[in-house]
Every structure is written in C-alpha cells, then in structure tokens.
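Colleague: Spelled out, the chains give:
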Amino acid sequence: MSKTFFTIFCLLIYAFLLAPIVVVVLASFNSGAFLTFPPQGLSLRWYVVFFHNEVFWRAIKTSLWIAAVTTVISSIIGTMAAIYHVQFAGKLKETVRVAMMAPLLLPEVLTAIALLFFVYTIGIGTQTVLPLIIGHVLITLPFVFINVSASLESYDVSWTMAARSLGAGPFTRFWRIMLPLIKPGVIGGALFAFIISFDVFTISFMLKSVGMSTLPIQLYDYLRTNFTPEAAAVSSLSVFLTLLVVVVTEKFLGLKIHRF
Amino acid sequence: MTEVSIERLTMDYGVHRAVDGISLRIRNGEFISLLGPSGCGKTTTLKVIAGFEHASSGAIRFDGNDVMQVPAEKRDIGMVFQNYALFPHMTVAGNLAFGLEMRKLPKAEMQSRIAKVLEMVQLSSHADRYPNQLSGGQQQRVALARALVIEPKILLLDEPLANLDAKLREEMRVFIREIQRRVGITTVYVTHDQAEAMTMSDRVVVMFGGKIAQMGTPAEIYDQPASVEVAKFVGQVNLLRMKVEAITGDGGMDVSGPFGVIKVKSIEGAAPGRAVTVAVRPEAIDLVSPSEGQAATIASSYYSGSLMDYRARLADGTLIDVQTFPRQRFADGEAVGLSIPADRWWPLEVTA
Ligand SMILES: Nc1ncnc2c1ncn2[C@@H]1O[C@H](COP(=O)(O)OP(=O)(O)O)[C@@H](O)[C@H]1O
Ligand SMILES: [Mg+2]
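Protein chains in written order, with this note's numbering: chain A, 1 to 260; chain B, 1 to 352.
Over the 12 Å line for every Cβ pair with chain A, so calculated as not near, a few chain B residues: (1) G29; (2) D66; (3) Q69; (4) F175; (5) D202; (6) R203; (7) R241; (8) A335; (9) E349.
Covered stretches of chain A (chain B as the covering partner; in silico rule of three or more C-beta atoms under 8 Å from a C-beta of chain B): (10) 153-159; (11) 176-184.
Just so you know, the hints here were simulated from the structure itself, not pulled from any lab data.
Fair warning: this is a prediction, and the values are worked out from it, not measured in the lab.
Virtual Cβ for every residue (Gly too), placed ideally from N, Cα, C.
Based on the provided sequences and hints, a complete structural model is requested.
Modeller: Structural data, given as structure tokens:
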C-alpha cells in the first residue's frame, strides 16, 4: 500500500521534472510557424531549417570544444583537489571543501562579475577565449570535486601502501591503483563538468569575447527576435547530445567496476 | 634472508609518542611477534620498519645497512594488512603479478612464480577470481601470497587474522607458521592476541605504551614474566602478596604467605621484611586431597569442555584460580588441597 503510494509519488516528481523537456521536444516537431504547445501537426520542418542555419552550427561547435577543454582541465584540477582534500588536508579538510564548493554556493552572476573584474585587473581582458574557459572551469570544479571526493571516501589507503610495499612508485600507484579505483567518481565528475559547461549561460554571457557565441547565448539572441519552433529544435538537439554523452560514457568507459 | 636491527627507535605523532625508544635485533629467518594491547605502538613500529612512516629518531638496519633513508617502495618488504588490502580491480593472479611487474621480471618467470606461490597457499584454482569472489580466509591467503611472491627480504604482518572467525584463525596460525618456516623468511608479526603470539613465534616482544616490556621465547614470557603487567597480559595469573623472610645465598629468597614459607628466585630490591608480589599460573596448581596440599574449599567452577576452571578459597579467605583437566570433578563447597610445584612460583616485584 505505502509502496504503491511511494511509487506514484516518485513518478509524479519525475513527471514534474521532465515535463518541460518533453514539451520542448514535442514543440520542436511542430509544423506551424510559431512556438506553441501542443504542436499544430508534426513535421521535421524546423530541424531542416536549423540544419541549414550556419549560425547555430557555429555556436554548437564552439560550445562543444569549450566543454571539452573545460572538462579536461576541470577533471584534472578537481581530482587533484579531491585527493588532497581526502588524504592530505588533515585539519584543513573542511576549509578546503568549503573553498572548492564556493563557486556552487555563490550566485553565478556574482562569480561572473568578480571574474570580469579580475581578468581586466590582471590585464588579460576578454579579447581571448581564456577568461571564458577559466569561468567554466571554476563553476564545473565543484562537481568534479564532490564526485571524486565521494569515490575517495571509500578508497582504502592501505591499497596505496600495499602497492608501495610491492615496489610501485608514486606514478604507478596513481595510474594503476588509485585512478582505476576512483574511476566512477572521475567519470561522473567529468560528465557533470561537460554537461554544465555546455549548458551554462550567465558566465559565458559575461566573459565571452566579442563576436563569440556559445549555444545558450545564440539561443537567447535568437529568442529575443524570433519565436519559431527552430529554437525548440536546437534545444532538443542539445538534450539529445547530453543523453548521447551519458550513454556513450556509460557504455565505453563504464561507470561500474569490480568492487567488494 | 635478512637480519633486522632496530636501535632506540622513537616515533612521535605531534606531541604523542607512539613508539618510545625500542631496540630489537631480529635474526635471519626468525619469527618475531609484537604483542601488546591496542594503541601500544605495534602498527607504528611495523610502519616504520616498512618505511611508511619516518621515525623521529633511532636507526633501522637490514643486514647492517641503514635503511632509514630508503623509501618504502625500495625496501623490498612483503606486507600483509589486517584488511588484506587486495586490489579489488585485479584478479588473484593480477594482484600477485603486480609486485613482479614492478621488478620487471620476464613473463615466463612471473607465471611460474605465481603458480608456485598459489600452490603453496592452496589457491591454484582461484587465480582468475576477483577478491570479492573469495571468502575471508581465501583473501587472507592471497594477501600472504602477494607478499611472498616478490621474495622480499622481510615479511611484515599486521594482525592478519583479526578479521577471521575463531576456528579459521587457529588453522591459519599453523598455516602461516608452516609457510614461514618453509620459506625461511625473517618475519615480524603484530597481534594483540597472546595465544597467537605464543603459538606462532620464535620470540615474543611484549609492548606497553610504546616501550618494550619484555622480550623472549614464548615460554620465558609466560613462565618468567618481567612484570605484573606482562604476567596479566599473556594469560591468567594468581598474584599473591608475600613477605620476604630471608635472602638465601644461592640467589634465592624465602617468602611467607598463605602457602607457608616457600623458596623463590630473589629479585631486585628484595630484603627481609619487604612485601613482594608472587605469581602462580592457574594451570600450575593441582587439586589433591586436603591432607596432601594446602587446604581450601571450592568456591565456584566453570566448565569449558576441555578444561575446568575452579576458584578455591583458602582458610584466610584468599581466592585462588585453578585450571585443570575435567577428569576429576569437584563440587562447589568441597574441601580440596592445592599442590604447587616449588619452581612454578615466580616473584614479580617488591611492593613495600
Ligand atoms: N597517524 C597518526 N596520527 C596520530 N596518532 C597516531 C597515528 N597513528 C597512530 N597514532 C597513535 O599512536 C599510538 C600507537 O598506535 P598504533 O601503532 O596504531 O597502535 P597498535 O597498532 O599497537 O594498536 C596510538 O595511541 C595511536 O592513537
Ligand atoms: Mg594496530
């Protein structure tokens, strides 16, 4: 009885969370000229329009490579920070955690403005893509950090000691023992970093160089003057891309390993 | 084959002194146990020998060579951890191969060594299993195999049997000891279980509060404990207060107490009139008829299958623990005699 109730409750929450996405995806198949729901007839018309829209493609490409670079940098720094946090910080453990989580706790717009001041103060300005990457790394770092930290909490330091007594130096210990055993956390964190970087708006909007557009910025620009289902088609594609990233990672890198 | 010598080793964690100036010489192929209560510094000592911790002062030598500056990965030590620390993402064979890969051994030799060691620990058919597919006892044997396959100079074991159930633990004692003898490797074994230390070791090192309280063969530790603390830690003991009557010329002394005047070895500080604590183990006492021994009555008894534990009350009210084989049983309240061979009395300390 209570189990049924719980199931229904969960389904309702999922419905509530997923409904907007479903609406957007359905709206993207609209055959009418305006972004409405329910769609007036089904067609791939707006996908065709979108596939011929150079501007959106450029934005998608920009977003993809920025997300890729961000993911790599953020995964490396975040993993190192997590290792320090869990195994070496000692009394500083809590301080390190709060510092690493700060970008998540502060409003994004505040972080963006602070960064903007920062890059102009130190003189790198926003002529290059560098500030934007810094911003993306900063806000994706907490996600890598918490995921890797969680994995590390169940990492037994005696594995490292065992490897050491068997003759493994620091690099071997990391590559052959620690990294494989915290892989789920690192991959999970990297996934978050990629998806969030792909999706983030405020930071990108403030820190982008002139003439550069990521997908969210391009969509925003577009929606200010147009209201066609093409926007829904673009959004849907980004939903599909995200799903694809998750599925491919799960399939080829594997989030599960032999443990216990 | 390696001789280990430890000299005045001290290890401080901040202001806390975990190991306090211990000196110890371990012979080639010897099996040494560090025995002591939890927190007495056994693991720390082992970690310093292995190179996981840097000693605050003192020296460690393997075959005369100072190894204090040698990092753990270069010390050539086989270590077995309490929780086994098997790599969960590698098979049994993978775990064993790891140390050999670090030594860049040719593949063929690697495989023959792994096969040999797996046979020794009776796990040849489990080479392709993952650790989570093995029982606790099997994991324990893999851990031992992984430490031995690299043919290290020294084998270190930190409470390796603590996570096993009682029956398996006793089997593993014999198993580990036999393998150690066969390989002939110098071994340091850490445990808080006195029976384990007694049955397995050539020599036992008893530690309290970071210091060595006594070291010697299991029999020496048990029969001739250096202090009340040691006597209590390595087994049950009756402690009796007696008075020194006379110091005899032959290195002995006469003491008087509930058992009349007896002769024991003389100890430091003993002089006529001083009070001393004298120990006697419960199983050193025989129960005989009241006329043949010190008269007593049975106060209570506990039956444990192979042994019988009695508590006997002397005329002056002193309670004495006695352990016998339950061949002859005595009822509570029954009058008995306590017979103690003269050489089973052991004086411990002068108290007043
Ligand atoms: N990393 C550490 N930091 C601070 N104190 C420690 C550390 N490791 C052990 N100690 C302390 O040192 C003492 C000895 O510990 P240990 O060698 O683990 O004892 P044992 O193995 O005999 O139980 C204990 O009081 C313990 O609290
Ligand atoms: Mg310990």
